[in-house]
Structure formats: structure tokens, C-alpha cells
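Asks: Read top to bottom, the protein sequences are chains A and B. In terms of UniProt numbering, the first sequence is numbered consecutively and its last residue is 642. In terms of UniProt numbering, the second sequence is numbered consecutively and its last residue is 642.
Treat each hint with caution, since some may be false.
What the hints assert, rightly or not - The list that follows gives simulated cross-link-like pairs (lysine to any residue, SDA-like), each with its CA atoms no further than 25 Å apart: (1) K599/A with Q516/B; (2) K268/B with W633/A; (3) K603/B with S47/A; (4) K268/A with S641/B.
Think of the hints as simulated: they come from the structure by calculation, not from any bench. Since the model is a prediction, treat every value here as computed from it, not as a measurement.
One-letter residues, chain by chain:
There are 2 protein chains.
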Amino acid sequence: MESSSSTMDRVNFRTQILTRHLQNHHIPPTDLIHTAPCVNYSPPELSEPLANFDTKSLRKLLDGKSIDVIDHMFNLMIQSNLFCPRERGGKVFVSPDFNQSMEQQREMTMKRIDYLREQGAFDGWFSRKGDDGELWRFALAETVSVFDHSLGIKLGVHFFLWGGAIRFMGTKRHHDKWFKPTETFEVRGIETVTRYDARTEEFIISTPCESAQKYWIGGAANHATHTVVFSQLEINGVNEGVHAFIAQIRDADGNICPNVRIADCGHKIGLNGVDNGRIWFDNLRIPRENLLNSVADVSPDGQYLTAIKDPDQRFAAFLAPLTSGRVTIAASSMNTAKVGLAIAIRYSLSRRAFSIRPNEPEVLLLDYPSHQRRLLPLLAKTYALSFASNYLKMIYVKRTPASIKTVHVVSSALKATENHVGHLKSEYDVQLTFEGDNNVLMQQISKALLAEFLAAKKRNKPVRGLGLEHLNKPAPIIPSQLTSSTLRTTQFQTDIFCLRERDLLHRFVKEVSEHQALGESKEHIFTVTYQLAEDLGRAFSDRLILQTFLDVEATVPAGSLKDVLGLMRSMYTTILIEEDASFLRYGYLSTDNAAVVRKEVMKLCSELRPYALSLVSSLGIPDAFLAPIAFNWVDANSWSSV
Amino acid sequence: MESSSSTMDRVNFRTQILTRHLQNHHIPPTDLIHTAPCVNYSPPELSEPLANFDTKSLRKLLDGKSIDVIDHMFNLMIQSNLFCPRERGGKVFVSPDFNQSMEQQREMTMKRIDYLREQGAFDGWFSRKGDDGELWRFALAETVSVFDHSLGIKLGVHFFLWGGAIRFMGTKRHHDKWFKPTETFEVRGIETVTRYDARTEEFIISTPCESAQKYWIGGAANHATHTVVFSQLEINGVNEGVHAFIAQIRDADGNICPNVRIADCGHKIGLNGVDNGRIWFDNLRIPRENLLNSVADVSPDGQYLTAIKDPDQRFAAFLAPLTSGRVTIAASSMNTAKVGLAIAIRYSLSRRAFSIRPNEPEVLLLDYPSHQRRLLPLLAKTYALSFASNYLKMIYVKRTPASIKTVHVVSSALKATENHVGHLKSEYDVQLTFEGDNNVLMQQISKALLAEFLAAKKRNKPVRGLGLEHLNKPAPIIPSQLTSSTLRTTQFQTDIFCLRERDLLHRFVKEVSEHQALGESKEHIFTVTYQLAEDLGRAFSDRLILQTFLDVEATVPAGSLKDVLGLMRSMYTTILIEEDASFLRYGYLSTDNAAVVRKEVMKLCSELRPYALSLVSSLGIPDAFLAPIAFNWVDANSWSSV
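Pulled out of the complex, with its shape left as it was, chain A reads as follows:
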């Protein structure tokens, strides 16, 4: 081995490469303006092995019946100059101009919505019924987010929050009045919370103090004309709990209404296409009919009418339908991951850097094992999480009063988990906290699991639902000496994930009951048991995702596609076992086995390497939504394309 400084070695080696690079193009000095392309771009399609599976079938596993609406939305965006198409390196790409000011980004976002509306993209938003209608709405909302997170959020606030409140909390009189103008954006909606007073026959909405102002309301600063206000409803001095009301905040010309004050939240670190604002109400009067009366109403003579006696239960009934927010966050975080990985992997298949030995050709980035390790596990996670988010959408659209808790727990699990792939980039960063801070969501999952477990125990019945049936069986046994082939079996993968969830749940139960024995309140107990709660929440999420992956695999006939899916599933489970310290911490993995797992990660990387391009193509993101660096970046960077 070398005894001299490796730093110097590295510098020297680099110099040799540079020198050789230049000597290969020994152009006579008088002819130096000649711009010979030193580095040629070669499309990876020419050099990569052909996929031995059908990429269309793989994409179908990801996008299912929504493929047509997804591709239709992509095409609408590519075809309009509003989406800033620009030609680079012989291809056309679309992306927002982030150099625009906040004001310009907001205006462009609104114009893009107007264009999509004119193209009929939103026709039938409220009339499409059943599972197909729900899936169509999700697909539409997720696809616009591929272009720009602002566009997705602005549409989401309008259709899912405002539109969802009208749909689920209102009744026929509201549907008849508001669905059409909402679909056509004649009214532009937002959602907020405020306080109500009903001393007269009208509703009067007020903001009693500074800390009751409505903050970060999407759409409030510029474009919204109407809002759904959540407020305490007081009638004859009795507080009936939180209800929802429609209030107009701007007239058709965009002027702020009397008795309403609005301030702009201003520039943000990202999402500047969304005009967040703050609202104060000063005794704003609204007609009695503007109460969204799905669970309670007020008669003309001021009687409060409801079938649900308990005000807290009424509030809970209101909020339940609004979990769709977490569903869309989970799903669109996958699109962010797909775009990022498609760009990074395509580039790493066309960019070479340094030779392993002097005078050998330079090496493709993706042929470096350390680079494989950084990208290929993320690709496996993206597939696994996409399958899981499809499952979440399915249980959401088929929800029943009995399953709403499952939807809540699963959406919390996936919303928190999936954002780990989305990273902390500025446009996307808010996903970590809105619709529930991810750390808190993990604790919520654990509380729900604890409640399920204890309830079953109390009833002396097996645990049911949330995929927890494995708790009724004996604990799985992990082989004392793992091998590469064991690591790739469905049996082992399921066993170790179930073992972890089971053991952490038992530990959590024990820890909570120890605190209870000391007479502590349950609220206090949950604040001090966050360590186990977060581990358990993650264990639940990972096991759930593995299960949905296996469900997808089961639909694929034996053959090369099933094989590559198996490889991806093994990568997904193996990388989690390597990365999450809980497997070692709680003893599910011995240190010997941990070493086997680490080796397997490298091995899986090298085996997935040949499929990288096909797996990325199967993601179904049109080239135009990627970036020049994913294609001919030599041309795209040349002087002639400046």
C-alpha cells in the first residue's frame, strides 16, 4: 500500500487525467478557437442493456387506471407557452421561472389554472362519482404538482379544502349553489377558522383578538373571493362548538369586502406561486343559509337543530372527510422523488469522471459503487412507497365510517414516511409539517396501535385491522446466521418487519403501563415516551409498505418483470434494515448479521445497476418535465445554446 500522502497521490492522479484529456485533443495552437467537443454526450439508451421486462407493464403497476388522465394533463401543460417551454440540447423542457418575483409567480400560477380550466381539465370535478371519480381527482392534482408545487397546492386549496368543505359539510342547497362556480373558478375558495356570534338572525363573524387572526391561508392574499370559516357557533349564549360557514371576502373585481381585513404573508422560502394571507373579521354579516349544515342547522327563528348531541363529536364528524390532504401529500411526494431520481440517474448514466487506472476510459458515475449506493436504494424506496400510496388512495376512496380510523392511521404513516424521500428542498419542505408534523404523526400512530392492542386484550379477542393480525401468531424466529439468499426471501423480510413492530409495541405497552403505575396522566405519559413511539410508528409504516409491495408483486406473472420487482423489494427491505438503528438497538439483528446486511446492500446495488435506466423510464415522467442534465447536457451547455 502507498506510504506517501494520499492527498498528493490524488492531486497527481487528477493532473494526469487532465493532461491526458487535453493531449487527446492536441489542436494546433493557431486553431484554438475550433470548438471540438472534448466530451461527447452519448444517450444512455444506446449503451445500456435493453430492459428484459416490459417497461409499460411496470409503469402500469405504478399508475394503474390513471395513466390516461396523467398523460393528458402532462400534454396540456407541455402544449402551452404558459408553462415556459425552452429548448436545451435539442429537447424541450418545461419548468417555472423561479427568478420571477413572488408577485409574478402568483400571477403565473393563476394564469396556468385559468388555461387548464379553459381546456376543460377540471370539468366534472364535482360530478364524477364513485371510486373512479376520486382516483381521477387525485391523479389530476398530483400531475400538476410535477410541474410546480405551487400549482398543485393552489389547486388543492381550491378544490380539496374549499370544494371539499362545501361537498362534505354542506348539503344540497350549497352543492347547487357553489359546485358550478367553484369548478369554473368564478368563486375562488379558501378555508379558515374563526368565531361566530348569533345575537341577531344573521351570522356575524368576528376575530376577537390578534392571536385569533387566520394565518397562512392559501389564496387569501390575492385571489380568493370566498372562504369557508371554521368558527365557534354561539346561539342564545350557548356555545354549540365548531361549525363551518361560507363568507365572501372579495367582490368580483377583487376588492376586499367591508368588515374584512387581509394582510399578505409575503415572500416565503418556496411555494411563492401560492398567495398566503392573514384574515381578520370585524362583525362580518353573512346569510343564515351560509352555514354548512350537513350535521347541524339553525332555523329562521334561531333554534339550533342537530342529530349529534355532543359538540366535540360534531366537530370530529366535520373534520373526518378532510384527510384527503395527507393522501395527496403522500402521493405527490412520490412525484417529486420520481423527477429527481429520473434526472439524477439519467445524468449518472451519461457523465463520466476519472479512470480507475491511468489510460483506461473514464468511469460512468453510476458505475461507482458509492454512487449506486446513493441513488439505487432511493429508487427502490420510490417504487415501494408508490405502491403503498396507491393502496392508501384505494382505502381512502373505499372508506366507510368503520374504516375511517384505518385511513387516518395509514395516511399518517405514509405521509410522514414518504417525505423522507422528498428531502428538505425549499419548494417541498413545508410538506414535512403541514397536515400534521411528521414527528407528531408517528406518535399518533403508536397511540392508535396501543389502543387497538389494549382493546383486543380487554375483549380477549384477536387483534384485527391495520395489518396487525400477525400479533396473534407466535413471534417469528430470525435465523441466527443470515445469508444473501435468506435476506431476499419474502418470509425473512416479512418476519423481521413484523418482529420489530410486535416487539416495539410490547415495549411501548410496558413503558406506558409503568408510567401509569406511578399515577401519571396519560397526556404526560405520551410526552415522555416519544422515543419508543417514534420507533414504533416507523416500524408500522415500513411493514405496511412492504405488505403493499408484496400485494403488487402477487399480481404479476412469473417472468423478468416479477424478478426485477423482487430485486427492488429486497433492496427496499435491506436498506431499511441497514439504515434504521432500531434493528440493532433492540436486538432483531446481531452484529454478525448486520455485516451480512451491509454486504447485501452493495450486492443489490450492483445487481440493480443494469436496470437503472429501464426503472427510471418506467416512472412515466415525460422528458419535458425532467431537465437538460438528464439528456444532452454537452449541447445544452454549449456557447451556441447560450
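Knowing the structure of chain A, use the given hints to seat chain B on it.
Replies: Relative to chain A, chain B alone:
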């Protein structure tokens, strides 16, 4: 325990809180415009326990002799309207206007530099000698970055890259000519790399091909007038390796010079105050004297003159002085962490959310154990890494030819490590990759350690330098049953960090030699051993940081300040042992002991909790550089301050 849905419980509980909150302010409905402050801001200074140590002394441990220049720079910035002072919640804050376009941000950055120059801030940049001069330059550059990373980088490119190249690679003729106009910004410098041809008596700089264009050159797009070009030097057909030349690229009026083409890199995800550009040279002629001739020169009649025969060694000699980049990145990442933590901790000491039990007062965020866990370990890391970056600065300013390798390895370790605190925020994100990708830096450290170890073995001598002397002693023994008090001893903390470094080094040596036995090239071997190399690089960095922390503690007399430092050091080591799976993976920690470590993290959080405000105050960031949310956010958000 509860058997009903915890979701519903949570919703109900929240409703109760909201209801109580509103009922506490039961204002008559006719008087609803009255804006009673429901939530009062109470400065944490009034409620938090007084520090039982001297915060000035603690700050002195962080900023040492540089306190005066740091505070002077802060004051210069606070006093000028160019730094956008705005009053919020009764205090004045300065921060860039990120809603400005790229063009506006660039112009503002340049204006801020002009203002600081007019105020004499840079006077003596080149003339201040010795250790004090170097530390003064570092302090100055780091402090402007507290305001804005663009300002720091733009100054760094000018003074450290351009100015550093003139200083270290040039000789008296260049110093006499360029120091003064650089200090006064009459010339505005950048650094790049290109190719040289010397067929005539002049130097002719050319860009032979598209891929040889100079990319991402800070300052090139708008403001730079001169650049240092790195190029292969060819004389009489012989390639003499890479040399550095001064080239003018714009005239005094800002027009691009003939034979130079420049393109703008455009808008970036952050750092838009820095005007990055791309440069092509078309047979640009420059005077012979513009060669920076510290190690080699060319005579008027075209003879190449040098004392260093080997061209690669000449190149390495050129580059060695430029490691200051990593030093400043390591140090200014600490400032980013300080600002972020000061804001987050101050806010968490003034913001309450939910009661533990109904009808109890709401709880301060920092009194939630899970919130302590998220902030207080970062505070301990920030202190530890600040001490370590001061150490790095010290060995940099006292560098000798013999110690330059140590500086390189230590700066790689800290540059890569410290950015973990800085997170992936858009303005700061580039720090992860520029001046060396952090993953690659970890591998470089391991290669250097391997070389040291093998060289000592070959010479049959003890290992010396880089703090590796512990390798000559027997392996430390970790107690089989850890306790809270053991975990807090210097002995244990040092032992487990040394054990990890030692064992990983031995494993790395073994893995590399196994590959060698198979006849693989060393370049290939380093590409496949990245897993151990990255673990080892981190082990080295962590042990180094612990050592500098202990060095600082040793200077403090017994008393409350030393006690709180000890608590912070224990938090720093304990959190690393909890977070880095390598302690379990390689068996330095049993699963039983891992459980003790986890408990200790919670315990340390609660013990550090009372010092949070004092520790944050001791960071020495002026209030104006924090944010409204760190102070009276109720006032700052009120309608009257819109």
C-alpha cells in the same frame, strides 16, 4: 388506557382547549372588534432561571480574540439601510429581501460590499500579518455570512480565491501591483482554470472545446474585471503542467474584453446574490508578467525556469495554500446553526401549545421532552463543532510545510461533519458539495489514515500525528454495564470514540489488504470499500471534535461554567453514540448499553433545559440578526404592524 380511537380523543381534547381559550375572553358580541390580546408574549428572560455562569465567558470560549472584529462587523451592518432593517414587534431586524429578483439581489450584494469597503472594513486585508491577521480575515468573512450567505461567498471568492491566488502563487511584482486594487475593489477578482499556449512570446489563453468552458465562476456574470486562470502551460511543445495566470475579462466600464465570451449561469435555488458565470477564451493574449510565478517562471526569451522538476508536484504546491476554503465553510456553517438555533430556542421558550391536563396552563414548547430532543442535542453539537472549528483555524494559521497534510485532513473532516448541522436549506445547500463533496472527503480521510498507519508499521515506529497516538496503546475496555454516571466521564467518552476509530481503521486495513491479495488495483479497491471508509472518516472527525472540546474545558476553572460545558460535552458524545448505528453495528455498544444511552439522552435534555436561554445568548448573535419569532411574535404579527 384508552380503548376509544386516540384520533377522536385528540380532536376532542383540541376542541376543549379551543373552547376554553375562547371562553376566557368572553367579550360581549356587540364589542367584538375589540382586539384583546388572547395570547400574551412574555420575554423568556423574565421567566427563565438566571444563568449560574457568566455568559460573556462562555461566548469568549467560542469567539476568543475575534469578539471585537465580529461585533464591529455586526454593528456596521445594523447601521446601514442597505441591510434592510425593519421593525417588528418593537425590535429591529436585518435580513436580505429574498423576494428580489436575481438581478436585484446581485446588485444589493455588490452595494453592501461597497458600503463595507467605504467604512474601512477591509482595510489591511493584505497587510495584516501573522496569526492575528489570519484570524481577523476569517472572523470578518464569517460574520458577513451571518447576514447573508451570498455576501459571504462573494467576498470569499474575491478575497480568498482571487486574493489568495495572487498572495500565495504570485511574487512581489504581483503583490505590488494587485493587492491594493483588490483591497479597494478597483479590480474584482475570480478564479478559474483554462489552457495555455506559448507559441509566441506572449501567453495566449484558449478554451479548446465546449467541455473546457469555465463553469459556475463566482463573479463572472456581472462584476468581475480580472480572473486567475489555471491552465496547462505549454512551452516549445512541452507541457509543463498547470500554472496560474492573471487575465482581464472586463474593462473598467464593465464591458467584456475582446477574445473573451461570458454567459450567465442564471437563477439558482439559492445564493442569488452571487453572479455565477461561464467563460470561454478565444486566443486571449496577456503579458508575460501575468504568470503567477511563485514556483516557476518564463524568461523573456521563452525559457521555462523552476526549482521543482516534477510537474505534478508543482501543481500540488500551487493548490496547497487554497485549503482556507474548507476552513471558512466549517466555521460559517456554525454561524448558520447558531442563528437557526437561537431563533428556534427563543421561540420555544415563549410559545405554549396545549395543556398536559385540561384546565392546566398550556405547556412551553421546550418543556415537551420530544422538543428538547430535537433542539438541545443540536445546541451541544454547535458548541462542540465551534470549538473544533476554532482549533482548525489555529492549525491553519500556524501551518508549516510539515503540517499541511494535517490541515488538509482536519479541514476535510470538519467541513464534511459540520454541515450536518447546517441542513439542506436552499441558501446553504451548496456547502455540502463545493470545496469537496462530503462523502468523498470522508473517503479521503480514511485513505490518509490508512497511509499513516501503514507507514508507521513499515518503519516499525509508533503512529504520530492527527491525534492517532492512541493507536499505540492497548485497546480501551468499555464497561459491560454502562450507567448514567459512566456515560458522563471523560474517560468513557474518549475510550469509546478511540475504540471506534481504532477498530474501524483495523477493519479498513484488513478489507483493503484482502482486495490487494486478489490483485486488484488500489484505485479499484477504494471504490469498493466506501462503506468502511465513510464510517472511519466520521469516527475520526467525531474523536477530533471531542478532543478539542476537552481542550477548551481544560482552560476553564472549576465552577458553574465548567459544569455546563461538561453537560454539553456529555450531550454531544451521547447523542452521537445514540444516532450513529456504527456503535451497535460493530459491537462497541451492547443492546443493553444502547438502552442506557437512550435513557441518558432524555435525561441530559431535561438537565440542559434550564440553560437553554443562557446557552443561546452566549452564542453572541445580535438580536437584529435573529427574527421576529425569536422575540415578541404576538406584536410582530398584529394588524397594527402590517
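Asks: Of the numbered hints stated previously, which ones are contradicted by the structure, given in increasing order?
Replies: 3
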